[in-house]
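Colleague: Chains as they are written, first to last, in the numbering used here: chain A, 2 to 153; chain B, 2 to 153; chain C, 2 to 153; chain D, 2 to 153.
What the hints contain is simulated information worked out from the structure, not anything from laboratory work.
Be aware that one or more of the hints could be misleading.
If several chains are the same, the list does not tell them apart, and a pair holds so long as it fits within one copy or across any two.
[What the hints assert, rightly or not] Computed cross-link-like contacts, BS3-like style, restricted to lysine-lysine with a CA-CA straight-line distance of at most 25 Å:
| # | residue 1 | residue 2 |
| --- | --- | --- |
| 1 | Lys14 | Lys90 |
| 2 | Lys14 | Lys32 |
| 3 | Lys81 | Lys127 |
| 4 | Lys127 | Lys140 |
| 5 | Lys127 | Lys29 |
| 6 | Lys140 | Lys14 |
| 7 | Lys140 | Lys96 |
| 8 | Lys139 | Lys90 |
| 9 | Lys81 | Lys96 |
| 10 | Lys96 | Lys127 |
| 11 | Lys14 | Lys96 |
Given next are the chains, with one letter for each unit.
There are 4 protein chains.
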Amino acid sequence: MTQLSADIQRILKIFEEQIPFNNLLDLKIEKLDLQGASMRVDMRDELVGNFMQGTLHGGVTAAILDVTGGLTAFMGLLEKMGHLSDQEKMERLSKFGTIDLRIDYLRPGRGTYFVSKGSILRTGNKVAVTRMELHNDKKHLIATGTGSYLSV
Amino acid sequence: MTQLSADIQRILKIFEEQIPFNNLLDLKIEKLDLQGASMRVDMRDELVGNFMQGTLHGGVTAAILDVTGGLTAFMGLLEKMGHLSDQEKMERLSKFGTIDLRIDYLRPGRGTYFVSKGSILRTGNKVAVTRMELHNDKKHLIATGTGSYLSV
Amino acid sequence: MTQLSADIQRILKIFEEQIPFNNLLDLKIEKLDLQGASMRVDMRDELVGNFMQGTLHGGVTAAILDVTGGLTAFMGLLEKMGHLSDQEKMERLSKFGTIDLRIDYLRPGRGTYFVSKGSILRTGNKVAVTRMELHNDKKHLIATGTGSYLSV
Amino acid sequence: MTQLSADIQRILKIFEEQIPFNNLLDLKIEKLDLQGASMRVDMRDELVGNFMQGTLHGGVTAAILDVTGGLTAFMGLLEKMGHLSDQEKMERLSKFGTIDLRIDYLRPGRGTYFVSKGSILRTGNKVAVTRMELHNDKKHLIATGTGSYLSV
């Protein structure tokens, strides 16, 4: 296993297992590489926002797009961290955070599962900008987002 | 009890009890009147995002600010619905939704509880715009947001 | 000339000739069809923001992306207006407006000219959402944006 | 004259006289201190966007709010630069830039003049976040904005 794939395995484990709210939502990473991240959440009763329509809560949409954007931005950073120790990488991750986030709710969140996808618009030394999308199981585009992330 | 306060009681009950994801987060309405809404969430392990710092997950921040903005926008609408039946008001509520949302994460979400506050920037016939804030128990401003909401 | 191409010709003329601030910036429409709009602005001294670097002012970037998004959103509407008279279409256009706009400044605005491109994310009866990009003459992505537009 | 007021005078001169596009718009600084910036633009034919209604172009609104936010954010930084030489301060200013911007268009831009006001939401070592407002001569709130700014 290369250093990079070891790093990715570690990050994957952290996001899925050690971040309590990701656990509560039951977010799963579908794909994680230097080009970006893709995540999945299965619909269940607890995630409903509009109980008359049975659609996904806008807060779940925002949460999954924020996590997807953050992971995508962090992968961009990881490329520049080749010389750092594992300890130093973890410290960077612990200080990494969202500056701001925009979510556009395009269609009602109907579906049996939802898949997000993040891509990098800009990776700087301090600030990364990413674009995110959320599709349902029928490949309908439910929401898009843009996020700015800061690494200290 | 006036018609308005009956409406507010009904909406309060819906948001706290019938929206499953609000229940999962355990969001409580602190204040609800024609000027806006205020909500509270108590910190607990499941809501942590950064496990190294023990801070609130950005998705929880986004969710509470979205719900607060939506409630605030809906209160603005309610004023114009005096002539509608309860049934018609509920139909309007069921079709009410977020167009888009911006969240600015200003400080790490440290605290024992968090309180949001929404205020109206614009109420139109179709689109309402609100501004939201999230403070922690020490009154530190953790995040701000702006949301646009559509009523059909 | 079909009705649609006549409508497009008329809108093109309005945006380039009758909107004073578009004139001041010297915005030119490069492409305009039902899929979206593309515009161009040539760099000149008056449009500089950072005089030490000689780069495009962020306000020019915001202006061209807003106009591009608005035109793109209006083209989406035009499809649904087949049955309206020219007079009615003009009335709709006069009441059409931006709800909100997000601009991400990705790279310094260096270049001899800049080209924008808009695409539709959602066209509703009342609200349209568009995504916009700005590239320089070397095809570098300078800025992206997302806009929400309201038609009354 | 204190060092701080000398710095402010210099920045004021730069923004009003040396930034070509601010000149084209004829933006004037009304107020500039460590709490934020306020700017004014007088309405004139060239700044019209909607020629049927004679209202301010959304791009002018975005430009004035971006400049106001940037100035406000830079004043926040200036406080931390007491130990730097004039040369170093100018270098910082030349590299200072907008990360992203959100504008909410609340009411049609009718008026004989418009006044903006910026306030600081967060000043970090690298990223500052500001909130901006634009009022017309009748004190009606025309637009609000939020901007994130990066200092290298």
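Colleague: Hint compliance check: list the failing hint numbers for this structure, sorted ascending.
Modeller: 5, 6, 8
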